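Enquirer: Residues per chain are reported as follows:
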Amino acid sequence: MSLAPTPNLAAPPHVPRRRLRVRGTSITLLKEVRERAQADLGFDVEYELLDFITCQRQAAMQPEGYDIYEQCFHNLDIVWFWGALQPIDTDRIADWDKITDLSKEGGISKYAWRGHGDAPVRKLYVQPGGFLGPKQGRYISMLPTVHNMDSFGFDTRVFGNGEVKRPSWAWLLDRRAKGRIALVDEPAIGFFDAALAAEAGGELQFTDIGNMTIAEIDGLMALLEDRRRQGYFCASWRTGEEAAELLLQDRVSAQSMWSPVYGHLGKMAEVFVESAPVEGYRAWHGGASLSRHLAGAQLDMGYDYLNWWLDGYAGAVMARQGYYMSAPERTKAALAPEEWAYWYEGAPAGRDLLGPSGAVVVKTGAKRAGGTYNDRANRIALWNTVMEEYNYAARAWDRFIRRVNEGQK
Amino acid sequence: MTARPNTSLAQEPRYELITQVLRANIASGLLPAGLVLLEGPIAALMQTSRIPVQVALRTLAAEGLVHRFDGRGYLVGPPQQDIAPLRRDIGAFELSIPQQVDDALQTRGTWKHFYDEVEEQVALCQVFGEFRIVETELSDYLGVSRTVVRDVLSRLQERGLIRKNASSHWIAGPLTARTLREKFELRAIVEPAALRLAAPHIHYSQIEAFRDRIGVDPTLKPEGLEAALMTYCIAKASNTALVEIIQTNQMLLTSVNRALTGLGLPEDEIALDQYRTLFDLIARHPIDSAAEYLRDHLHIMASKNLARMKIVAVISEAVGFAPYLVLQ
Numbered sequence: 012m013s014l015a016p017t018p019n020l021a022a023p024p025h026v027p028r029r030r031l032r033v034r035g036t037s038i039t040l041l042k043e044v045r046e047r048a049q050a051d052l053g054f055d056v057e058y059e060l061l062d063f064i065t066c067q068r069q070a071a072m073q074p075e076g077y078d079i080y081e082q083c084f085h086n087l088d089i090v091w092f093w094g095a096l097q098p099i100d101t102d103r104i105a106d107w108d109k110i111t112d113l114s115k116e117g118g119i120s121k122y123a124w125r126g127h128g129d130a131p132v133r134k135l136y137v138q139p140g141g142f143l144g145p146k147q148g149r150y151i152s153m154l155p156t157v158h159n160m161d162s163f164g165f166d167t168r169v170f171g172n173g174e175v176k177r178p179s180w181a182w183l184l185d186r187r188a189k190g191r192i193a194l195v196d197e198p199a200i201g202f203f204d205a206a207l208a209a210e211a212g213g214e215l216q217f218t219d220i221g222n223m224t225i226a227e228i229d230g231l232m233a234l235l236e237d238r239r240r241q242g243y244f245c246a247s248w249r250t251g252e253e254a255a256e257l258l259l260q261d262r263v264s265a266q267s268m269w270s271p272v273y274g275h276l277g278k279m280a281e282v283f284v285e286s287a288p289v290e291g292y293r294a295w296h297g298g299a300s301l302s303r304h305l306a307g308a309q310l311d312m313g314y315d316y317l318n319w320w321l322d323g324y325a326g327a328v329m330a331r332q333g334y335y336m337s338a339p340e341r342t343k344a345a346l347a348p349e350e351w352a353y354w355y356e357g358a359p360a361g362r363d364l365l366g367p368s369g370a371v372v373v374k375t376g377a378k379r380a381g382g383t384y385n386d387r388a389n390r391i392a393l394w395n396t397v398m399e400e401y402n403y404a405a406r407a408w409d410r411f412i413r414r415v416n417e418g419q420k
Numbered sequence: 266m267t268a269r270p271n272t273s274l275a276q277e278p279r280y281e282l283i284t285q286v287l288r289a290n291i292a293s294g295l296l297p298a299g300l301v302l303l304e305g306p307i308a309a310l311m312q313t314s315r316i317p318v319q320v321a322l323r324t325l326a327a328e329g330l331v332h333r334f335d336g337r338g339y340l341v342g343p344p345q346q347d348i349a350p351l352r353r354d355i356g357a358f359e360l361s362i363p364q365q366v367d368d369a370l371q372t373r374g375t376w377k378h379f380y381d382e383v384e385e386q387v388a389l390c391q392v393f394g395e396f397r398i399v400e401t402e403l404s405d406y407l408g409v410s411r412t413v414v415r416d417v418l419s420r421l422q423e424r425g426l427i428r429k430n431a432s433s434h435w436i437a438g439p440l441t442a443r444t445l446r447e448k449f450e451l452r453a454i455v456e457p458a459a460l461r462l463a464a465p466h467i468h469y470s471q472i473e474a475f476r477d478r479i480g481v482d483p484t485l486k487p488e489g490l491e492a493a494l495m496t497y498c499i500a501k502a503s504n505t506a507l508v509e510i511i512q513t514n515q516m517l518l519t520s521v522n523r524a525l526t527g528l529g530l531p532e533d534e535i536a537l538d539q540y541r542t543l544f545d546l547i548a549r550h551p552i553d554s555a556a557e558y559l560r561d562h563l564h565i566m567a568s569k570n571l572a573r574m575k576i577v578a579v580i581s582e583a584v585g586f587a588p589y590l591v592l593q
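Chains as they are written, first to last, in my numbering: chain A, 12 to 420; chain B, 266 to 593.
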């Protein structure tokens, strides 16, 4: 080592890279999206991936911990009213006019049935007094992006292939699947899967399934508890990975399902399939919101990111896991024609189709359950909803799920 | 006639008063080193619950005036002194309690000493479900007789916070959106009517003065404005039965609101503007437009309260409940 004095060289200027922190769920927080966003936008995009319930709680109570919140419209009832978000100025969203009527009006056409519960439009526009509502205005609570119409999945060995006897939500509480039923643990999602099953099976009737009374909630929870005691449920799950694991272990014959899970079933894909229930779908709509603390250059980055989301690439990645985009034009341009035909138009797959990570998720010749986008969007029975009595329902649901997981007698 | 107690002391928290008394009596040597201090007897002597005594003892321990030992309670004196515990009834020491402190501790009827604490706990638990209140546990918890406990419970019943079920158990909650909706519906019917009846009896200069403080005086919160509306306007209605209905109907709302804010739920900032408009309309009379505005204001408040009732769902039951409350 030389003892000669080293000349005092100026250190290279340290310019911290700009970064945008996104808090969200597995719906949209995909590696492929993040990497492309970083490359396109020229700043770092950091992801914090959480399960639905944890994500909602932390977004509500710690808004300084993120810049962008990517979640579903129904939980704006929680996060917006905690004061965690700021209104989005649609004048700063270049493709606002390319967003379709399902998101902006509540249905794909004037005549389409809106579904029970809260269509996303009912939480979209910022109203006087800080409320959210469907009356159109310049400011919105969340930029509508990805959405889907969910159903349950079923075992064809138990229920047949669904062609002779069409699938009904009632199968989710069916005696034939006793001991092999699992529900998603989210009180604005799994709760409604169970409610649809109870009503479809003729066990209960709700005056308004999207806004149940205390007596109706008690009735549903009593029914579920009775079935639990009889041993109907084998598990609950919070992430797609958990749902897939239950299937790979061949533990379920009917369960709540999310679209991406179908691409990861291996050989089980031959016997476990997506339903297109006669009663219609339980739909949800996701989006991205701005944290209330964003301002100045950081806020500009937030808008850049929101605009980027509508630009096509993200929509294409979402399509490959079975989710639709609010601005489909640009998504179409970013997808191969066979991909668009399968995912949006309900056509048989012209070739093997790859999922977001590059693995084959759809085999040549397969057809999407429920048909075209319009067919599916016209058959929305219910939207994921945070009902008026949500606090009561969520706590009752939570106690039920704990008993399911602990396997109490 | 007894002189009014020194108000500044009466507003001091009870644990602070108890700390002062114990500290002074240890310093003067009246309480000897090694004396075992137990919560129960001190609470009985001070006519208070155990909770403020616990806090007082912890404070004195932090100051090094008392210390924990290998037994129940605390020993007088700094730690690391090898003193044998001296077990004697604290009542026998004839503590010196300054008159003012004594007055402050006695200001309210016995049940009133505990009421606020219990009301807050009972209001809070309803958000989480239906709870049974176990009388014996409450009596142990407060360190008081069943008679006092019954006084507290009947007051809670009057305020609509608890009820008796078919098997004569005291039940609290669950607080539901429906309860809130119904209470606000009732408010929107009766309060504008009361305001009309009150119009001839309102001191308008008082209302103007109040209006001018809104937005200027930072201590003025929506809760205080609601109270002012009640005291200076609605309660002036010439129909006392109507005023009583209104007051009773509001009690559960007020205590739950306070409990929710205590949990960290955000407070409503927009409400201030509405109160300013409302007080302004009342001050200007005729009263009809103020009554109409009040009705609209109550509809908005109902929506806000319903929205608040949803967001509380993210608060976990791990916040904990007092031991006398048992989830049904």
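Simulated from the structure, these hints should not be mistaken for lab results. Note that this is a predicted model, so its numbers are computed, not measured. Even for Gly, the Cβ is constructed at its ideal location relative to N, Cα and C. A hint or two may mislead.
Listed next, the stretches of chain A that the computed footprint assigns to chain B, with coverage defined by at least 3 CB atoms under 8 Å from CB atoms of chain B [to be verified]:
| no. | segment |
| --- | --- |
| 1 | 59-71 |
| 2 | 79-92 |
| 3 | 140-152 |
| 4 | 305-316 |
No more than 30 Å apart at the CA atoms, straight line, and that leaves these computed lysine-lysine pairs for DSS-like [as the list claims (entries may be wrong)]:
| no. | chain 1 | residue 1 | chain 2 | residue 2 |
| --- | --- | --- | --- | --- |
| 5 | A | Lys115 | B | Lys448 |
| 6 | B | Lys575 | A | Lys146 |
| 7 | B | Lys429 | A | Lys146 |
Simulated restraints, written as ranges between beta carbons of each label pair [stated by the list, open to error]:
| no. | chain 1 | residue 1 | chain 2 | residue 2 | range |
| --- | --- | --- | --- | --- | --- |
| 8 | B | Gln364 | A | Thr65 | 49 to 57 Å |
| 9 | B | Ser568 | A | Asp311 | 30 to 38 Å |
| 10 | A | Glu59 | B | Arg523 | 32 to 40 Å |
| 11 | B | Arg523 | A | Arg410 | 54 to 62 Å |
| 12 | B | Ser433 | A | Gly141 | 43 to 51 Å |
| 13 | B | Ile510 | A | Lys189 | 47 to 55 Å |
Enquirer: Could one say that the CB atoms of Ile510 (chain B) and Lys189 (chain A) fall in the range 47 to 55 Å?
Expert: holds, 53 Å
Enquirer: Apply the coverage criterion to the segment 79-92 of chain A and chain B: a residue qualifies when its Cβ sits closer than 8 Å to a Cβ of the chain, and three qualifying residues are needed.
Expert: holds (count 3)
Enquirer: Check whether three or more residues of the segment 305-316 of chain A sit with their beta carbon closer than 8 Å to a beta carbon of chain B.
Expert: It is violated, with 0 qualifying residues against the three required.
Enquirer: For a C-alpha distance cap of 30 Å, please report whether Lys115 (chain A) and Lys448 (chain B) respect it.
Expert: This hinted pair is violated, its Cα atoms lying about 34 Å apart.
Enquirer: For the range 49 to 57 Å, tell me whether the beta carbons of Gln364 (chain B) and Thr65 (chain A) fit it or not.
Expert: Holds: the Cβ-Cβ distance is about 56 Å, inside 49 to 57 Å.
Enquirer: For the pair supplied as a hint, Lys575 (chain B) and Lys146 (chain A), confirm whether the alpha-carbon distance does not exceed 30 Å.
Expert: holds, 22 Å
Enquirer: Evaluate the given range 43 to 51 Å for the C-beta pair formed by Ser433 (chain B) and Gly141 (chain A).
Expert: About 45 Å separates the Cβ atoms of Ser433 (chain B) and Gly141 (chain A), which means 43 to 51 Å holds.
Enquirer: Taking 32 to 40 Å as the stated bounds, is the beta-carbon spacing between Glu59 (chain A) and Arg523 (chain B) within them?
Expert: Since Glu59 (chain A) and Arg523 (chain B) have Cβ atoms about 34 Å apart, the given range 32 to 40 Å holds.
Enquirer: Holds or violated: the segment 59-71 of chain A covered by chain B, criterion of 3 or more residues with Cβ-Cβ distance under 8 Å?
Expert: With 3 residues closer than 8 Å to chain B, the segment 59-71 of chain A meets the three-residue bar; holds.
Enquirer: Please check whether Ser568 (chain B) and Asp311 (chain A) have a Cβ separation lying inside 30 to 38 Å.
Expert: At roughly 34 Å between Cβ atoms, Asp311 (chain A) and Ser568 (chain B) fall inside 30 to 38 Å, so the hint holds.
Enquirer: Range hint 54 to 62 Å: satisfied by the CB atoms of Arg523 (chain B) and Arg410 (chain A)?
Expert: 27 Å Cβ-Cβ, so the 54 to 62 Å window is violated.
Enquirer: Verify the coverage statement for the segment 140-152 of chain A against chain B, using a C-beta to C-beta distance below 8 Å and requiring 3 or more qualifying residues.
Expert: Since three or more residues must qualify, the claim that chain B covers the segment 140-152 of chain A holds, with 3 doing so at under 8 Å.
The structure fails hints 4, 5, 7, 11 (numbered hints given earlier, in ascending order).
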